[in-house]
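2 protein chains.
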Amino acid sequence: MKEKGLLIVLSGPSGVGKGTVRKAIFSQENTKFEYSISMTTRLPREGEVDGVDYFFKSREEFESLIEQGKLLEYAEYVGNYYGTPVDYVRETMDDGNDVFLEIEVQGAKQVRDKFPDGLFIFLAPPSLSELQNRIVTRGTESEELIRNRMDTARSEIEMMNLYDYVVENNEVATAVEKINSIVQAEHCRRERVEKRYKKMLEVE
Amino acid sequence: MKEKGLLIVLSGPSGVGKGTVRKAIFSQENTKFEYSISMTTRLPREGEVDGVDYFFKSREEFESLIEQGKLLEYAEYVGNYYGTPVDYVRETMDDGNDVFLEIEVQGAKQVRDKFPDGLFIFLAPPSLSELQNRIVTRGTESEELIRNRMDTARSEIEMMNLYDYVVENNEVATAVEKINSIVQAEHCRRERVEKRYKKMLEVE
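Quick mapping for you: the protein sequence lines, in order, are chains H and P.
According to this note's numbering, the first sequence is numbered sequentially starting from 1222.
According to this note's numbering, the second sequence is numbered sequentially starting from 1222.
One chain only, chain H, in its complex shape:
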C-alpha cells in the first residue's frame, strides 16, 4: 500500500552550481530526500569517507558492475569512472522515499531512458536571463561577445528539452526553495493521489 518515492534528478550545464545547490538542500534541517551516493574509481581525497562522499571502487570492480547493469548512469572523466548504483535508487524508492541525484547532463539522459517518470530539474545559469539586458543595452559590449553568449544560450536552451522543470540559479536559497516546491507539488499531482485513494477503496 506504500506510495513509491520519486526520483529527483538535478542537472544542468557544468559550472552552474549544481553541487552547491545540492549541498544546500541536504543541509536543510528537514530534508525529505535521500541522497544517492555516487560510485567512483578515483582515489579518496583527504577527509573523504567511503559510503559517505562516494563509494570508492577499483577499476575492475566498476567495470564488472557496468557489465552487470548495476549502474543507472555512468561516465568517465579524466581517466576515472563516476556513476550511480541502481540498486540503492530502486530500494529507496520502493521504501517510499524520494531519491535525489545530482549529475551531469550526459548522465541525466541515461537516467531518463531508464526512469521516464523521474522528476528532471534543469538548473539554469542566471546569465540566461541577463542576456536580454545585454542584447538591449548593446553597444556597451562587443558584438562578438554578445554573439558568443547567444550561441551558448541557444545550446543551453536546447539541453533543457529533456527536463520537466527549469530553475534559474540566481540565488542558492531561492533555487532550493523552488526545488522543494517542485517536489511537494509533484506529490500532489492528481494521478498520484487518485491512485492512492483508489487503492484504498480496493481493500473492499
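Source of the hints: derived by calculation from the structure; they are not laboratory data.
Predicted, not measured: the structure shown is a model, and the values here were computed from it.
Among the hints, a few may not be true.
The list treats identical chains as interchangeable, and a pair is accepted whether it falls inside one copy or across any two copies.
Here are the simulated PhoX-like cross-link-like pairs (lysine-lysine), alpha carbons at most 25 Å apart as the crow flies [said to hold, decoys possible]:
hint, residue 1, residue 2
1, Lys1244, Lys1419
2, Lys1291, Lys1278
3, Lys1330, Lys1416
4, Lys1278, Lys1244
5, Lys1330, Lys1419
6, Lys1291, Lys1335
7, Lys1335, Lys1416
8, Lys1278, Lys1419
9, Lys1330, Lys1244
10, Lys1253, Lys1225
11, Lys1225, Lys1420
12, Lys1291, Lys1420
Following the hints, position chain P against chain H.
Quick look at chain P alone, frame taken from chain H:
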C-alpha cells in the same frame, strides 16, 4: 515580452473548507495572487462592500452579462446568481499576474472548457484518507456507515478527474503551503521557462 499570468482554480466538494483556505491564502503578507471577485444578484449582507466582497448586480444586469458572454462561469443557488466576470480574469492574466478563483465544482467544469491551461486544484476532505483506518478497524463502526462513506468517497474521487492537483485539507496552513508550492512549481515548468528564453533570443 511579459509572461502571462496563471489562472488558478481552487474547488472541491461542498463543505471541504474552500473558503477558509482561500481566506488564509489571501491573509498571507506576500500573497502573489490576484483574487477574482465574484458577481452576485443576492443582496449585500451587513458589512459587505461592492467591489470588495462581491460585485452586486441586479438580476437584469446579470442576465444581460450572461447573454454577452461576460461570465467565465456562473450558477444559480437558492434563487440567486453567482458568477465570475471574465474580463477581469483575462486582463489580470495579460498583465502577468496570477488570478485565483475559488468556486464550486460545477463552475470549475465551465472554466476548464474555456481555460484548459488553467491550474486546477481539488481540495479533498481529510475523511478520504481516514477512510482506510475505518475500513481496517471495521467492527467499531456499522457496516452501513462505512458503506455510505465509501460511496461518498467514490463520488469524490470521480470529481477529481478534471483537476491537475489534489490537496488534502487536513490543516489549513499545510493546504496553503501546498497550494503555494504548486503555483511556484508551475512557474518553473520547462515549457513555460523555455518559451520565455526563446522569446528573448528572438529579439535578435
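Numbered hints the structure breaks, given as an ascending list: 1, 8 and 12
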